[in-house]
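**Q** The whole structure should be built from the sequences, with the hints applied where relevant.
There are 2 protein chains.
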Amino acid sequence: MSEKRVYFFGDGQADGQAELKNLLGGKGANLAEMTRLGIPVPPGFTITTAECTIYQQTGAMSEALKAEVRQAMARVEAVMRKTFADPADPLLFSVRSGARVSMPGMMDTVLNLGLNERTVAGLAKKTGNERFAYDSYRRLIHMYGDVVMGVDSEHFEEAIDALKARRRVKLDTDLDAGDLRELCAAYLDIVARQSGRPFPDDPWEQLWGGVVAVFRSWGVPRAVEYRRIHRIPEDWGTAVNVQAMVYGNLGQTSATGVAFTRDPSTGENRFYGEFLVNAQGEDVVAGIRTPQQINRAGRDSLPASHEARTLPTMEEVMPALYGELAAIRDRLERHYRNMQDIEFTIQENRLWMLQTRNGKRTGMAAIRIACDLEREGLVDAKRALLLVEPDHLDQLLHDQIDPKARLDILASGLPASPGAAQGAIMFNAEDAVAAANRGQRVVLVRRETSPEDIAGMNKAQGILTSRGGMTSHAAVVARGMGKPCVAGCGDVQVDAAKKLMTVAGRQFREGDTITLDGTTGAVIAGAPALVPPSLDDPNLSRLMGWADRFRRLKVRTNADTPHDARQARKFGAQGIGLCRTEHMFFGEDRIRRMRQMILAGDETARRAALEHIRPLQQADFEGIFAAMDGLPVTVRLLDPPLHEFLPQGAREIEELAGDLGVSVADIERKVEALHEQNPMLGHRGCRLGLTFPEIYEVQVEAIIGAALVQRSRGVDVRPEIMIPLVGARRELVEMRKLCVETAARVMAAKGAEVAYLVGTMIEVPRAALTADQIAEAADFFSFGTNDLTQMTFGFSRDDIATFLPVYLAKGLLPTDPFQQLDQTGVGQLVEMAVAKGRAVNPQLHLGICGEHGGDPASIGFCHRVGLDYVSCSPFRVPIARLAAAQIAIREELGG
Amino acid sequence: MSEKRVYFFGDGQADGQAELKNLLGGKGANLAEMTRLGIPVPPGFTITTAECTIYQQTGAMSEALKAEVRQAMARVEAVMRKTFADPADPLLFSVRSGARVSMPGMMDTVLNLGLNERTVAGLAKKTGNERFAYDSYRRLIHMYGDVVMGVDSEHFEEAIDALKARRRVKLDTDLDAGDLRELCAAYLDIVARQSGRPFPDDPWEQLWGGVVAVFRSWGVPRAVEYRRIHRIPEDWGTAVNVQAMVYGNLGQTSATGVAFTRDPSTGENRFYGEFLVNAQGEDVVAGIRTPQQINRAGRDSLPASHEARTLPTMEEVMPALYGELAAIRDRLERHYRNMQDIEFTIQENRLWMLQTRNGKRTGMAAIRIACDLEREGLVDAKRALLLVEPDHLDQLLHDQIDPKARLDILASGLPASPGAAQGAIMFNAEDAVAAANRGQRVVLVRRETSPEDIAGMNKAQGILTSRGGMTSHAAVVARGMGKPCVAGCGDVQVDAAKKLMTVAGRQFREGDTITLDGTTGAVIAGAPALVPPSLDDPNLSRLMGWADRFRRLKVRTNADTPHDARQARKFGAQGIGLCRTEHMFFGEDRIRRMRQMILAGDETARRAALEHIRPLQQADFEGIFAAMDGLPVTVRLLDPPLHEFLPQGAREIEELAGDLGVSVADIERKVEALHEQNPMLGHRGCRLGLTFPEIYEVQVEAIIGAALVQRSRGVDVRPEIMIPLVGARRELVEMRKLCVETAARVMAAKGAEVAYLVGTMIEVPRAALTADQIAEAADFFSFGTNDLTQMTFGFSRDDIATFLPVYLAKGLLPTDPFQQLDQTGVGQLVEMAVAKGRAVNPQLHLGICGEHGGDPASIGFCHRVGLDYVSCSPFRVPIARLAAAQIAIREELGG
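As you go down the protein sequences, you meet chains A and B in turn.
Using the working numbering, read the first sequence as starting at 372 and increasing by one per residue.
Using the working numbering, read the second sequence as starting at 372 and increasing by one per residue.
It is possible that part of the hints are untrue.
[Stated by the list, open to error] In the PhoX-like style, the derived pairs of lysine-lysine whose C-alpha atoms are separated by at most 20 Å in a straight line are:
no., chain 1, residue 1, chain 2, residue 2
1, B, K1181, A, K1108
2, A, K830, A, K870
3, B, K496, B, K453
4, A, K375, A, K437
5, A, K1181, B, K1108
Don't read these hints as lab results, they were simulated from the structure.
From a predicted model like this one, the values you see are computed outputs, not experimental measurements.
**A** So, in structure tokens, the structure goes:
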């Protein structure tokens, strides 16, 4: 890293450039870049992000840094031919944060640095505008008092309100120069009284204070929270941009505006922006005055009733300057090869660019812009692909709440599965199914869900739980179903017995309508308007075509039913990476037999019960194989502990006893005997197959039986049998033997053959540590990173809600390891298993089937460590295809 | 490994030697060695253990092996000047198994191979003893039919019983030659009828069948079970010894016997053995005839009423041969430098040695023999130390059931904590405490125990549970207390409500007396006699002195109270490696405050409740520091989840509500809110400290406060604060900061200083994977291998009882990983953490505090990977000292 602490820019010269974004932050790097391009930028300098990190450690600015700042200041003064805070003609400065990635509104800014009792008088005299001078001064005192000196903003607001009341005026702009001068005096008083220190007169003291405030703003709660949500590392730090002030509020020849080089909502290629004459930048953003459109096209596209339709455009009132701005727009788009979000100020007929950065855009816009830029020859297909973020696709795949709707937000939970859902509240699966069957749209509200709720979840528009995390049962199943879900919403109290939901002091009963925003986690009263997804966009098809051309990773899906399999195939899945078989024991026609099996006293009775389930499962597999004709289907043999299949409530136990003709005491004894302290680490996975081989045998019979049936019908079946929870070689050896012997028996009985593979999940840390031994008996490994994360961290997914939020808030972990694969820890085990497995068995096929298989950052990791495929829920397949292509392209381009 | 398959021995020549034990098994290697020493051994040959392993894989003997056997046979024939199964003068053979370690009675043997209708006649003629010949033949048919051809032994027994009834005689020896000839015919018939195949006439077919039977016997259930118990790997295999038969039953000049070169019970240096004239070896073992003592000293030491006191000794009836045997005894002891267990046969006045091996001995004998051999100059101190097994010490440290007592064994559970305990059954902790306070000796019988049972466990003589494994709460705590425990005894039904224990169809009620043998796992009705431990043995002190001189590993103890600390110090502990602090919140005077804290709504209320607990904890620590004056004390901050401290039953909740003045519903809500699916992976360890820092703060205040008090009294205190369950660097950084700041505050307030360390448990896999990062903030690592094993395997200790026994029976795992550290998997993480930790922080102090710290094999591992110390329960400290010395000596001696 460079030793240079301060980077000057101004008058066509700049120490920095766009490539130094990590060091200078996005804003600083782009200011330097624009300066180099000859675009008019007020001169200034950028203090590096490295200095921010040093400040976080030492709590002080070094003398070396201050010396470099003074040198840079001298260069700005030379360019401006003015002197910092010269009482005769004061050069004033803004101080703004600028991190590596944009964190809009998250950090602090101070404007007009350099004003004090003497320089404000000089400014008034020089500009001939006393009102402007004192308005600038009172803004400085207010912002500086708030941001640097910690004086609560409301004190200033009370003072100005009191003054306006005395003057009997409504708007700040109604106050005259005298009023503002009086206000400055009042403000100075407030600062001294509230902070116990006087407002600093010394311009340099003001400057140092401003810089330190920006450094400190990196650590304020809202910034920490923003980074947590957006997974921005704590140690990146922010740069500080110190820039000569320009003013858009010096009369009718001054103005200020913001613009996007293309429409950020639709992606349409038209210059789109707003501006205000005689105003400062914050006025545009604050929405006090209605901004004007910069061009006629923009004005014409406004709704007929919109106030700005009556206002003149910049194109009309400042045609030359608009032309200059439009030329800069073209220049920036050609230079950055991306849609830009720009800020400009016109001071007395002179245009200054204050910012350019890649513009935020909707999913739809992202796709259109990427394709348009490729058509326009600005980018090739690879770079076009990089312009679309995986989350953009996620937006496209689900209903969304209309961004224009007014929302009655009740509470916020975890955004567990994206999209909007609305319907009548139902408090249990049975009611949800019944209501849905009556044609009602329902939202299932539960404390938490369990496998027994599947039917209700399936019929619901969305799921709301008051407990559990991003990978709770509700969240995982909902994402698998592509259904919106808000999980772990602790502010919601659910009383299922009374069919009552209490939130924010309000009560909701069965049948009341709510809306969930699974993208943001909001729980909303009533039914705001929704907007549907648009999947048949030809631009999207074009984009996904490129993605498929460039990616190396294959993308499979996690699908348990023919319906999900077909859905996923439509989304481009290249096979099933995880077909769970739990639900094949849970269906109404099976659970009774399953319970009979569990309660059976010996193997013979168990086999008899299983015999009834087998043909039903074979039919399940036949449907799945047909849906995946020509593609591999990885079937995981039964994984959950048997107690999950037994009823827990007294009433249900009684029913079961009557049904099976056994005593309630017998069932209770069995429930008690199967109870586990830590079911996650208990009698499940292949431990079931090793202690009750008949269960796995029946499953293998059903799989191979189904494969033979479909093969005889001309379907190209590619079954892969996956043994869960293996931790030692001998477990897999034994289970492989069972599979091979069972398959041979079925094939001999039918007189036909079918090829199949036998492999294992790598989900127990010991499996990764001994992957060389396990690979001897495996055709494939599939990394079950959900459980691997649970065991590597010692985190039970169901129980982390009490501490993981604290961990993320305190920065003890950079991200939720169940959402983004922990490359430092869990990733080590994955890499180890890949290396050890391939060393022994070079043909070993490698994939991932945990939730991480649909997370872009984790997909990047999977690509780098050399997996063959990722597998994710159907609705994330397009996202995974894109992410896989992007990592391949970035690798190729060296980015 | 050698390619040679068959090793000849005979007439002073041998291909093998004692060092080839792994290849030839113990028996074969020693037969070769004795032959080389010029000791008379019937000639023969040994088929290697490698061939056994090949047989397990291929299921057949190779032609190459058969060819080598034929060559070896020719050499035996040459030595004996006879031919295998020569009808005129048949050379006969025994086939015996012989594994690397002795597995007494576990595997199969066939004698008299080579006999058939023709050779039996030749044998009768040659020996002039027809009865002997047909007796030998019927033994062959019986053994071969049973062992090789799978005919149930009872068929033969029925036939001989029927014959004896017809002849109206009682003993086999009352049958004459004609009877036995008739019996042979009947036996041949039984074989043909039961097996469907005729008994093989062909001597070579007999031989191959015998060899294969021995190979197969490696896999029979009783052998598998024996290996499981004694932790003998499956892949060692057994060798096969084929040896010319010699006969002790050829009249009054023939005899057979077994002897120990020293007394195996006391260790006394006297030649100790038994023999029978005109008998075969099996007669001595079977106990049909009362054996005679080999010498007068042995006879004189018998109880006055003993039948053998009236019988002549070998010293008297065969003085020359006794002299020869005594000389061989001296020779063997000098050669092997260890007490030997020998077998011999005298055939017509000629002495043959059939076996020598290191003799099994009691703990007391082992210590005496080791010290005596050193005094006699046969071994030096290092080799003397290797003669005592760690388990020998374990025997010495606990009361034992008198080996002579007759036992009414009800059931067998896991031998969870050694020693014998007897007393009145009590079904809950409260009753146990009350009864003990009345002066009654009690045994606590529970389905399983929990921390709330501690007081009752402490007052009980021993603990019996019907559930849980070797590392269940009951087992761990009992071992910690040095109290006998039988755990997971599934045959026992415990109905605590009815105060009723049902076992083997019998009912036991409160107050009934039972006895537990924690060394064997037996549950015994009534009160058989016990024998006390003898700790003040000067030989033991001498031995432990050597151990301390040779070991590199330090040995600390896991102790939570001043009492345990003093106990452990007496046993030689060099500090406390793990002081758990849970019980400091559980005491009667504290649990109320703890519950108040848990139920508190905010930090202030939590702190107020904790303030009451702090002085009590400080007093606890003062006692522990005093007991460990001059030695380090590692204190683990609170680890278990908070719900463990709340009552679960309705009555208790009601009481608590009344006591604390809160509503029952409030407590129920809290219990429900704190409920966890997998508490093992939930909100515990440092996750508590990070979310409720006040708990850890109060603990640190108590620790440092206590240290300052004791220091002011002149005690040399060395506190080490240990943070549990760290998985990420930042967790430890944050907790270290809390410790350092809190300690500084306490020291400033008292105006005094004390040195202390802050370190962490390595018990989460991720901690091992990121040990380089974590080491930056740690003064020490202590491997918590209990939890590390749980998470690395994905095994919940509380829930493995349903599958781990199956795993061990099927050989899916070589040993219970909670008893012996899994070096392959868990060990990799330990090694990784050692390497990564030391690379970053060369001063890092390393220890282990899991249960494995007291397991000799695991201690060997700890030595090899370079830990600084092991820590174990007080009663295992001497064992750990010995084991640590043995590994150091073995390393030095290259063994």
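**Q** None of the hints should be skipped; say for each whether it holds.
**A** Hints, verified against the model:
1. The straight-line distance between the Cα atoms of B/K1181 and A/K1108 is roughly 14 Å, inside the 20 Å bound, and the hint therefore holds.
2. With a C-alpha separation of about 18 Å, the suggested pair A/K830 and A/K870 falls inside the 20 Å cut-off, and the hint holds.
3. Our distance criterion of 20 Å between C-alpha atoms is met by B/K496 and B/K453, whose separation comes to about 15 Å.
4. Of the supplied pair hints, the one linking A/K375 and A/K437 holds, its CA atoms being roughly 12 Å apart against a limit of 20 Å.
5. For a cut-off of 20 Å, the pair hint linking A/K1181 to B/K1108 stands: about 14 Å separates their Cα positions.
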